[in-house]
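Turn these sequences into a full structure, and let the hints steer you where they fit.
The residues making up each chain are set out below.
Number of protein chains: 2
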Amino acid sequence: MKLYEQTALQISERIEKGYFLVGDKLPSIRELSQSHSVSISTAQEAYRLLEDQGWAESRPKSGYYVLDRQNTPLNLPNITRPSQRPLEVTHWQEVLNLLCANYQPDSIQLSRAIPDLDAPSIKPLTKLLADINRQLPTRDLLSYETLRGSDKLRLQIARLMVDSGCQLHPDDLVITNGCQEALSSSLLALCKPGDIIAVDSPNFYGSLQIIKALGLKALEIPTHPETGISLEALELALEQWPIKALQITPTCNNPLGYTMPTEHKRKLLALTKPYDLAIIEDDIYGDLAYQSPRPPSIKSMDEEGRVLYCSSFSKTLAPGLRVGWVAPGRYLNQVMHMKYVVTASTSTQAQLGIAEFIAQGGYERHIRKMRQQYQNNRDYLIRLITEHFPDGTRMSYPLGGFVLWVELPGDIDTVEMNKRAELFNTSIAPGTLFSASGKYRNCMRLNFAQRGDERSDKAVEQLGLLAKAMIKEKQTVQ
Amino acid sequence: MKLYEQTALQISERIEKGYFLVGDKLPSIRELSQSHSVSISTAQEAYRLLEDQGWAESRPKSGYYVLDRQNTPLNLPNITRPSQRPLEVTHWQEVLNLLCANYQPDSIQLSRAIPDLDAPSIKPLTKLLADINRQLPTRDLLSYETLRGSDKLRLQIARLMVDSGCQLHPDDLVITNGCQEALSSSLLALCKPGDIIAVDSPNFYGSLQIIKALGLKALEIPTHPETGISLEALELALEQWPIKALQITPTCNNPLGYTMPTEHKRKLLALTKPYDLAIIEDDIYGDLAYQSPRPPSIKSMDEEGRVLYCSSFSKTLAPGLRVGWVAPGRYLNQVMHMKYVVTASTSTQAQLGIAEFIAQGGYERHIRKMRQQYQNNRDYLIRLITEHFPDGTRMSYPLGGFVLWVELPGDIDTVEMNKRAELFNTSIAPGTLFSASGKYRNCMRLNFAQRGDERSDKAVEQLGLLAKAMIKEKQTVQ
Ligand SMILES: Cc1ncc(COP(=O)(O)O)c(C=O)c1O
Ligand SMILES: Cc1ncc(COP(=O)(O)O)c(C=O)c1O
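Protein chains in written order, with this note's numbering: chain A, 1 to 478; chain B, 1 to 478.
What the hints contain is simulated information worked out from the structure, not anything from laboratory work. Idealized CB from N, CA, C, for every residue including glycine. Among these hints, one or two may not hold up.
Unchecked claim - Short, incomplete list of chain B residues facing chain A, as computed with Cβ under 10 Å: (1) Asn-78; (2) Trp-92; (3) Gln-209.
Here's what the structure looks like:
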């Protein structure tokens with residue numbers, strides 16, 4: 001056990017023994033370093049681990065506080081057990097249904113991963129977009145941006161990425177039409193039909209569908225709801241299969257909500273090094289980690305240019321602006337070719353607007369607010385579900401972002417459940433969408449970006465009742 | 001010879017004999033129908049042919065006029081003779097150089113196909129975008145559009161497409177990030193690496209680079225600068241090779257400027273029918289045809305859903321908004337999958353702004369102005385080049401759009417020429433970019449969207465001097 005792990009263990013034991021109570025302020029980093037005779041950086045590492053483990057949370061400009069880990073009974077799903085062979089991805093039709101669902105205007109959409117777009121702190125962004133359109137000459141507003149994307153925006157993104165530990169030059173970045181294009185350009189650059197891509201599982205259906213569409217195969221690796229992709233399983237898979245690339249979302253994972261501990265990220269890089277494996281790191285929710293500073297990305301530890309870092313402003317600001325980016329490391333030239341080939345360039349206006357929003361401090365203000373809101377909403381939704389869902393329901397404990405993974409007891413089919421939920425105008429994302437092999441039939445993903453209100457509380461309650469009813473039906477049939 | 005062809009011939013003979021002079025108003029369609037005892041539709045077809053052949057032009061709300069075909073000596077390039085084998089596409093580096101060129105702010109960019117963005121008739125579009133951003137709720141402005149794209153915009157596009165003879169339902173359309181994504185989604189949907197794609201030649205480098213990036217092979221078909229792809233050569237190629245799809249730009253071609261005569265379009269559909277060949281029709285410049293009504297698209301004649309029609313607002317309105325569309329016929333599902341996979345969705349704001357601009361009549365007003373401007377600019381540039389370029393220079397006679405193809409005499413390398421033109425701050429698009437096989441070294445494409453002024457006139461004059469100097473150097477060396 002490393003020194004920082006020992007230090008963290010001592011603190012967590014004290015919390016368990018009630019020496020520190022929920023909500024208590026913990027010793028500052030400086031105090032911890034003095035009282036335990038460890039360096040400042042060891043004390044920092046210890047707090048990171050405590051955050052990763054859900055014992056403590058940091059509050060900006062204030063310090064570390066004991067989390068309500070006891071009261072929210074962590075009833076986590078077990079480590080996943082997907083198929084152990086590379087598979088063709090299926091379930092496009094179900095994804096299409098989700099994407100094209102004709103929602104009623106007053107429906108409760110727990111299905112899609114859309115951030116809260118009513119937050120007042122996002123308003124200045126649309127004001128900037130309006131100003132740009134009134135003030136700039138049309139030739140600057142309406143012409144093609146360069147292939148790499150706006151200089152100004154790339155500079156701001158390079159600055160933001162320092163938070164995740166990355167020291168990049170703006171020219172290391174390519175602006176894309178959302179994170180989806182960052183992922184698709186990366187996979188197009190790396191792979192040929194038939195190639196095998198290892199993924200964490202469950203995995204975002206958008207990347208699974210890229211794998212399908214490009215004729216690749218997905219090898220789903222068992223994944224732990226607290227620590228992420230199983231390094232042991234990955235190591236075995238690498239020995240067994242000619243894996244072309246690894247695609248994972250290690251920080252504030254969608255849909256499982258975990259953040260891989262920093263030490264695991266480091267180990268992942270080390271164990272894939274002999275294979276010179278390309279790693280496509282999706283960090284789209286990374287800046288929405290509840291802890292501050294946010295956890296480091298794998299990219300920040302990569303010395304070989306093997307990591308293709310993909311992200312966007314779709315979860316932090318606004319999906320409809322379609323602005324993302326990729327830092328493709330040593331694959332820069334190939335990815336730029338693919339980005340050109342696929343869409344030629346990215347909206348000029350949106351890039352200018354976002355660059356200005358970040359430069360004026362709007363991004364950081366907004367993110368700070370949203371992190372807090374999403375963390376509160378998480379606790380609220382977990383309490384609701386604990387109250388209303390059938391016994392034996394398990395769920396994730398997200399450390400960032402705004403989606404919750406719920407695993408129902410028994411053999412309930414959430415595709416069926418989603419259909420029936422139409423009756424009360426509510427939609428969920430069925431678990432099978434997140435698997436290449438039709439797993440997770442009894443799971444679903446729920447969005448908690450919006451603050452709960454009477455109607456959404458009611459919807460969750462009705463989902464719980466529906467689940468109970470469906471369990472009963474099964475039992476009667478048997 | 002069909003009746004309309006006879007009728008057209010009679011008129012063109014009268015023009016040749018001086019019976020009608022340049023600038024004269026020709027008989028109206030009704031008059032022609034009466035004087036020649038043909039139906040109204042035959043008279044219409046006859047005028048179309050006369051326009052296609054450069055004898056006459058139609059002026060909106062006024063009628064048909066004799067064109068200055070005599071005074072602008074049509075010194076067209078010969079039919080092209082590309083390689084007769086399927087080839088891997090090369091020259092990505094040269095395309096990249098063009099895309100990433102670091103132009104001086106005051107440089108004369110004749111290289112890229114950018115419309116005139118200073119036109120006053122485009123201004124209301126940015127005003128609408130500003131209004132939208134000030135008035136709509138953020139949740140409508142900033143959220144994902146649906147996968148197919150905005151209902152409102154698809155309705156407007158379906159209406160506009162009636163002009164090209166298409167009767168489509170809005171649900172036949174998928175909105176894309178520019179025409180480039182329409183093309184890339186179509187090729188992704190149809191092809192696997194190694195497949196052969198037939199193309200007109202020269203061909204837009206954007207589509208050639210898709211062919212390269214997806215590991216496909218291009219079979220370049222000889223193409224005539226007045227009538228487009230050679231139907232005879234295409235027929236032979238179809239017998240000889242397992243061609244997977246045909247990609248062409250039959251109306252206001254980039255870079256050659258021709259419009260395939262309507263009869264040829266029909267024949268093309270007929271001759272590819274036994275092969276059930278998929279046709280990717282790029283119509284991005286179609287609405288910029290100088291004749292009115294614009295020529296029909298191949299899509300409008302397609303009864304089998306074999307045509308994947310690709311277009312965008314990048315040449316008619318604004319490339320930086322990145323809004324295009326595809327009408328994929330029977331391949332709708334596959335193309336929608338690819339569109340999802342590649343970028344998930346298209347900018348919400350830009351779609352709303354353009355839809356409103358069309359609905360308010362701004363699109364048609366703008367297009368009417370630009371057609372006239374581009375037609376005038378064409379004549380102006382052709383005169384300049386005739387004056388300043390070396391003897392033996394040939395050039396296209398564009399019937400729409402804003403690019404001119406220039407073929408220099410002798411063995412001049414236009415890549416080298418482009419480098420030297422940096423000295424006087426001028427850039428051109430070298431011909432090799434438009435070929436899979438490095439052909440067209442002595443050709444270049446010039447943009448004439450901007451009204452000529454002293455500086456751009458000077459640039460063209462200097463290009464002419466440079467070409468002459470390069471010819472002399474060659475002669476001295478030999
Ligand atoms: C993990 C993950 N990656 C990528 C995306 C796609 O992001 P964008 O909308 O920026 O293309 C999403 C959106 O749902 C996501 O959850
Ligand atoms: C013939 C042709 N097709 C497609 C495109 C790409 O259009 P967009 O900018 O809408 O992606 C261009 C742009 O130069 C073009 O000339």
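Checked hints:
1. With 10 Å as the threshold, the beta carbon of B/Asn-78 stays out of range of chain A, its nearest partner Cβ sitting at about 31 Å, so the hint is violated.
2. With its C-beta approaching chain A no nearer than about 6 Å, B/Trp-92 sits inside the 10 Å limit, and its interface hint holds.
3. Interface restraint check for B/Gln-209: the shortest CB-CB distance to chain A comes to about 5 Å, inside 10 Å, so the restraint holds.
Taken one by one, the earlier hints fail for this structure only at number 1.
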